[in-house]
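Visitor: Those sequence lines, one after another, are chains B and C.
Quick note: the first sequence uses this note's numbering, first residue 144, plus one each step.
Quick note: the second sequence uses this note's numbering, first residue 7, plus one each step.
To be clear, the hints were calculated from the coordinates, so they are not data collected in a lab.
Here the structure is a predicted model, which means the values were calculated and not measured.
Errors might be hidden in some of the hints.
Okay, derived cross-link-like pairs now, DMTMM-like style, lysine to aspartate or glutamate, Cα gap no bigger than 25 Å in a straight line [claimed, not checked]:
hint, chain 1, residue 1, chain 2, residue 2
1, C, K125, B, D316
2, C, K331, C, D182
3, C, K207, B, D316
4, C, K271, B, D316
5, C, K400, C, E209
6, C, K380, C, E322
7, C, K257, C, E240
8, C, K456, B, E214
9, B, K234, C, E236
10, B, K234, B, E214
11, C, K107, C, D95
12, C, K269, C, E258
13, C, K125, C, E240
14, C, K207, C, D95
15, C, K107, C, E144
16, C, K203, C, E134
17, C, K125, C, D79
18, B, K234, C, D319
19, C, K454, C, E240
20, B, K234, C, E438
21, C, K380, C, E157
22, C, K454, B, E214
23, C, K380, C, E134
24, C, K269, B, E214
25, C, K125, C, D452
26, C, K203, B, E214
27, B, K234, C, D445
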Amino acid sequence: MATTLPRKGSLFRRQHIFAGTTVTPVMIYMMLFTLLPMLWGVLITFFRYSPTRAGGPFLGLGGGNPFVGIENYLDLFSNSPNGVLFRLSLKNTLIFSLVYVPLNLVVTLPLAVFIESVTQRAKSFFRTIYFLPTVTSAVAVSLVWGVIYNPTFGLLNLGLRALGLTGYAWLTDPQTTVLGIPLPMICVLITYLWSDMGYNLVIFMAGLQGIPDVYREAALVDGANAWQRFWYITLPLLRSTLTFVMVMTMLSAWQVFVLFFVLTNRGGPSNLTRVLVLHIYETAFRYQEMGLAATVAMVLFLIIMITTLLQLRLLRKDWEY
Amino acid sequence: MSESSKLSRRTFLRMAGLTAAGALAAACAPTTTPTEATGGQAPSGEKVTLRLWSHQNPSFVGANEQLIAKYKDQNPNVEIKYENFPYADFITNIQTSMAAKTEADVMEMFGSWVQSYAKGGTLAVVDESVTTLAKAQELFYAAPLDGYVWEGKLYGLPNEYNLEVGGVLANKRMFDEAGLTYPPTWASWDELVADAKKMTKVENNVMTVAGFDYVTGDGLGFLFWEGILEKGAEYFADDGVHLNLLTPQAKETVQWMYDMANKDKVVDPLTFNGDVNWVGTSFFQGLVAIGYIGPWIVPEGRRNYPDFKDPWDHVESPHFGSERKFAADSGWGKVVSPNTKNIKEAWKFSAFMTMDPANHRQWNVATGTVPALKSVAEDPTLLNDINWLGPSLKVLPYGRYVGMLQDRDYIWYTVVATHITECLQNQRSVDETMQLMHDEANALIDSKIKA
Chain B
144 MATTLPRKGS LFRRQHIFAG TTVTPVMIYM MLFTLLPMLW GVLITFFRYS
194 PTRAGGPFLG LGGGNPFVGI ENYLDLFSNS PNGVLFRLSL KNTLIFSLVY
244 VPLNLVVTLP LAVFIESVTQ RAKSFFRTIY FLPTVTSAVA VSLVWGVIYN
294 PTFGLLNLGL RALGLTGYAW LTDPQTTVLG IPLPMICVLI TYLWSDMGYN
344 LVIFMAGLQG IPDVYREAAL VDGANAWQRF WYITLPLLRS TLTFVMVMTM
394 LSAWQVFVLF FVLTNRGGPS NLTRVLVLHI YETAFRYQEM GLAATVAMVL
444 FLIIMITTLL QLRLLRKDWE Y
Chain C
7 MSESSKLSRR TFLRMAGLTA AGALAAACAP TTTPTEATGG QAPSGEKVTL
57 RLWSHQNPSF VGANEQLIAK YKDQNPNVEI KYENFPYADF ITNIQTSMAA
107 KTEADVMEMF GSWVQSYAKG GTLAVVDESV TTLAKAQELF YAAPLDGYVW
157 EGKLYGLPNE YNLEVGGVLA NKRMFDEAGL TYPPTWASWD ELVADAKKMT
207 KVENNVMTVA GFDYVTGDGL GFLFWEGILE KGAEYFADDG VHLNLLTPQA
257 KETVQWMYDM ANKDKVVDPL TFNGDVNWVG TSFFQGLVAI GYIGPWIVPE
307 GRRNYPDFKD PWDHVESPHF GSERKFAADS GWGKVVSPNT KNIKEAWKFS
357 AFMTMDPANH RQWNVATGTV PALKSVAEDP TLLNDINWLG PSLKVLPYGR
407 YVGMLQDRDY IWYTVVATHI TECLQNQRSV DETMQLMHDE ANALIDSKIK
457 A
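Extracted from the complex, chain C is given alone in its bound form (with noise of 0.2 Å):
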């Protein structure tokens, strides 16, 4: 996702007109009560009209119509009007709405978000009885539901379960011609390290073709927070809320990544990073032996790149330690505001589009995502309908939800990713990132707590 044009100056002030008119007209507007959860049911059979917000991933889009179609025929008294928006305009309009109390009854919503917005009273707690939160617990896997938790609460619906772990992209062409076992099974990391040594060419000076490319946004982060519970250690802080990033097993995870960019030289970040050649483009330019990145790039791939040719798959990844633990952003969903005239209706609509295994599956199915429920992923004909998830559904038990880092983009973008290229560029050695590190995470904390 990206968005921008080019911001001229009577543009950029209009849009600061703009954005803090929306905010103001947002603040003058008449403000409904919100409706308490035990209310709010509009009369049986009396016309109930609900409003669906999401962003515009056309295959997102796709898969929310048929089920709106599907519960309109089975509730012909319900009207809903869907909406969805551009990326970054479905978060101002959800910001900008939450302010005047006008948003949609119903949003979808990315679960990693949905703990900031819990804590600060703009979400409605799921209506008991659509379910309880160990009945959830029961049916979904911790890691998507655990986001949509907040204070023992719970605040929404996972649709799918956001993965990075578990599988990477492996070019068939590229191990064929380096004489390696295809599909590979990668007993540790150092075995694919070993094999992606073999793949990795240089040409003039120039990496033409990185072995095994990690260094991305979202993949430092994984790899990091995968590192340190798989040694043994934790990432939190004593008090939960804190960071503690200073321990041996995530300097030596850190450490560990160092040493395949600058000594095995299975990657060149300044060449391969999250900024230029990134992964989920160079694998599909054949720039990329194997590649770290979750299986949503599957059909990403297939869509975007019809005309490579090189054989490929999303193949089993190895752990570090002899147990699988990793750690996942929760995933897109379903949330219900607070302000909303027909909350029992609301969430019973989030319901049938997230709970009911059939639906589930059919939102997985039109999206390629991983489910989150696990009566879905549990069933072996999943993969008739979706055949890149094998890896990936063979991990989701061991995930857990990240947690709450206060501001997730910060912590992941901003402090770990950044810091952890820079390590790997050689701007820094790994004891001073790791303190770096350790220290702006807990002052963006410090500030967050504050505010």
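Bound-form chain B, shown alone (with noise of 0.2 Å):
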């Protein structure tokens, strides 16, 4: 049977107007939700921009809310009140981010290669389980967790008390300390991980399915105890996973808002849980100062961008398997 087949030009011309008919649409929306308001956001750092003020007439600039060159940028490097407070968030940040990272791996992977080795009906019953708070909104994980935690009535002082030991204001001493680390600080952290850990173990769970049994069954032939099989065989392996695990987690606990904002109640006591997104946001929408706030969200950008890249550089692979 013979078979027309449409002449080359005109093929590759339908096929042109298919992807630009296909793609355009996209392109503009990219263009306009994504791309526009990023430019508008580097722009307006170089101004002293606030919604509250009637600005010039091109794009509500000048006027009222005049050009002020790199002055936003080097405000978060003076004396000025909002560059103490920021730099005081980026600590708390660092503090946040730095512990979080690795406290997730160091629960996250051993559970997972735990429940990869329980029967499949229990797996299914342990993902479901620890999953589950993933999915549960912040702002209820943060209400649940802030009757834990309260002084008075907590479930945790209750507890405590009921083993003879005094409790704590866990949410709202500023004091007390954990190497370092201030003690709401700390709840937030392992409240954190309670209700994100879910979402690391089900990609490394799914890490460890994607590893063939080969490697470790010649492991085991060649004599190699449980922790040498992980250790020498299912961790290298996992590289990848473990590489996109901790630039997610990374990514993620530089963004944490909700649980500094409701939990800690806007990042108390005493700004020790003031985080950067946290002072973005009172910035911008509690001071009304755009321009200041853009500044801090640009400079939150370039760190994420810059973790990120060192954290892909130094787990780069030249492998598979």
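Fit chain to chain and form the complex, with the hints in mind.
Guide: Okay, structure coming up:
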């Protein structure tokens, strides 16, 4: 049966038309809602911009929202109120993310290995149990854990008192520290770990399932014990999963907002849990200084980008299985 | 009020994008020329449409809807489109739409924000055909009205007098159990503290009942300003712009707060403060005997804690000096956009909601708020409708607007409330606290003036 093929030029043209009609709307959407806002975000970092002030005729810039050059950036390193709070927020964010990432990995990876070793039915049960908090609203998580941490009638202190111990003001004690980390920050770390660990757990389980059994079986034949099989076989072969998990967890840790907003009531006590994303929110919407807030957002963007590139570089591998 | 949701990686980026997009779209939107106060009146009988924006407090929405219906009955040519938003979205909407000059014709705004917006040129001056500043000063109390005044011009009209001073919550059961007179009649703060000590309970080193809880984000600021004023000093510096928080009276006030927490031990500032066991909830959980909070908490408490069985009231509180003097926030009221095409109608509608005594009262009764209009507050029949306002109504003439703090929230919460709480928690001495508050507040003011 003879088939009539379209002429090459016609097919080519139709492919172009198809590509054009499907991609163009997406591109326009991206331009309008991603690229232009990003450019606007960069632009206002050079203005003392606040929507409460009537600006000039061009995009509301100028006039009450004057051009200040790089002054907003310099302000972050000055002793101005914004500068002081920015540096405090940066310090808290660093503490949180640098503690959280290894903490998460130390808990979720062994747990994933353990769950992978049990029966299929038990595996499904554990996976569901651990994943449930991940799909729970962060506000609900904050409110529930807020009750647990309540110093007067919270479960934690009631338990401690039942054991004859004195409780703590878990979320409001600014003076108690653990390894130099304020107690309220420790509480947020624990709460966030509880609510977020299911995500990495599932990723690790998928990674573990992707490792061919042949490697572990070969090691077993060679007399390797469980720890040696994990350390010399499983862990190296999980490197790409580990890279993904580390990058995503670090990104996530830099951007935690709700727990610091609800659980510790906007970064309390004494700003000990004020983090960068909260600082951006407060500067923009509470103190109504969009230019300064955009500047902090830009610095956060740069920090996240550099951190991610570093992680990708350090964990790069040049083999596959 | 509070708002939150977990910011996922994508949501964070989307939010940042949308915020900027909103501002961009706003900036790109066609601009309308602000209508002069002398013009902009629709010809008589012509259909006029006004938009009103408010936040989403159910009682406020109900009160506004009732008055809108009434206004439309009386003005059939006027259509009012009423939109209300969750609190956080409301502020964002106002800000982004002002940049685009697409905000509503009439907006409900908290009086303590008005000067910042007026200073930025984003609000219309009250039309003189509606009222003048001098006339408004005769009609309204100074504290709520002065929040709407900037550089001698009136930029809005208040619906309410926002008040935290003059009354405290008191738990009758605890007074009875301690053998104290109820309702209390304290002649001084010392007498209140003496009663509070008798009702404070500590079990296993944990405070289970705070005798007097005043450690809140709002309360500490109000007590601080009141202490300074009633002791005969002033918290504004001589230039009227910066603050002077180093006066002996300011220090005495903070020392008094410190002593109540650390010597009299009527409150544990670690376990009762703005972040945990906040007085507005802990009182209704039976954890506080006397709570420092305004009368607005009464309808909230009745609505949110119907199962709380202890009898309680909002009773009169003492003051520091021989004469009561206090600083108050302004209160919610109505402002008008300078970009409205119907500025006279917008002001007429705003005046209808705020200056007409019957409507003003109707709004206060529906929302459970304190009247800003003198004639309404002085009407003894008001207590038939809002029976808990007795202690508050007595103090209204003695209040003044807290003044232009440049950034009210920053000074009030980030500087004053935060650092006094830290002092009460023994993180810093009273002297160090005074110096720190003074320096930080004035640094903020300098940065705002520079901007």
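Visitor: Hint by hint, note whether the structure agrees.
Guide: Here's how the hints hold up against the structure:
A distance of roughly 40 Å separates the Cα atoms of C/K125 and B/D316; the hinted pair therefore is violated under the 25 Å criterion. At roughly 31 Å between alpha-carbon atoms, C/K331 and C/D182 are farther apart than 25 Å, so this suggested pair is violated. With a C-alpha separation of about 20 Å, the suggested pair C/K207 and B/D316 falls inside the 25 Å cut-off, and the hint holds. In summary, the hint linking C/K271 to B/D316 is supported, as the alpha carbons are separated by about 17 Å, within the 25 Å threshold.
The hinted pair formed by C/K400 and C/E209 fails the criterion: a straight-line CA distance of about 38 Å is larger than 25 Å. Between C/K380 and C/E322 the CA atoms are separated by roughly 20 Å; this keeps the pair inside 25 Å, and the hint holds. Distance restraint check for C/K257 and C/E240: the Cα-Cα separation of roughly 12 Å lies within the 25 Å cut-off, and the hinted pair is therefore satisfied. For the given pair, C/K456 sits about 12 Å from B/E214 by alpha-carbon distance, which is consistent with the 25 Å threshold.
Distance restraint check for B/K234 and C/E236: the Cα-Cα separation of roughly 41 Å exceeds the 25 Å cut-off, and the hinted pair is therefore not satisfied. For the hint linking B/K234 to B/E214, the alpha-carbon distance of about 22 Å falls within 25 Å, and the restraint holds. Proximity of C/K107 to C/D95 is assessed by CA-CA distance (about 17 Å); at most 25 Å being required, the pair is judged to hold. As the CA atoms of C/K269 and C/E258 are separated by approximately 15 Å, the hinted pair is consistent with the 25 Å bound.
Among the hinted pairs, C/K125 with C/E240 is consistent with the structure: their alpha-carbon atoms are about 24 Å apart, no more than 25 Å. Between C/K207 and C/D95 the alpha-carbon distance is near 42 Å, which puts this suggested pair outside the 25 Å criterion. Distance check on the hinted pair: C/K107 and C/E144 sit about 33 Å apart at the alpha-carbon level, beyond 25 Å; violated. Using a Cα cut-off of 25 Å, the hinted pair C/K203 and C/E134 is violated, with the two alpha carbons roughly 54 Å apart.
Between C/K125 and C/D79, the direct Cα distance comes to roughly 36 Å. Violation of the 25 Å bound is thereby established for this hinted pair. Distance restraint check for B/K234 and C/D319: the Cα-Cα separation of roughly 45 Å exceeds the 25 Å cut-off, and the hinted pair is therefore not satisfied. With a C-alpha separation of about 21 Å, the suggested pair C/K454 and C/E240 falls inside the 25 Å cut-off, and the hint holds. Under the criterion of a C-alpha separation no larger than 25 Å, the hint pairing B/K234 with C/E438 is consistent with the structure, at around 24 Å.
In summary, the hint linking C/K380 to C/E157 is supported, as the alpha carbons are separated by about 23 Å, within the 25 Å threshold. Proposed proximity of C/K454 and B/E214 is supported: the alpha carbons are some 14 Å apart, at most 25 Å. The hinted pair formed by C/K380 and C/E134 meets the criterion: a straight-line CA distance of about 20 Å does not exceed 25 Å. This hinted pair does not check out: C/K269 and B/E214 have alpha carbons roughly 47 Å apart, beyond 25 Å.
Of the supplied pair hints, the one linking C/K125 and C/D452 holds, its CA atoms being roughly 16 Å apart against a limit of 25 Å. The suggested pairing of C/K203 with B/E214 is violated, with an alpha-carbon distance near 53 Å, which exceeds 25 Å. At roughly 22 Å between alpha-carbon atoms, B/K234 and C/D445 fall within 25 Å of each other, so this suggested pair holds.
Comparing the model with each numbered hint stated earlier shows that hints 1, 2, 5, 9, 14, 15, 16, 17, 18, 24 and 26 do not hold.
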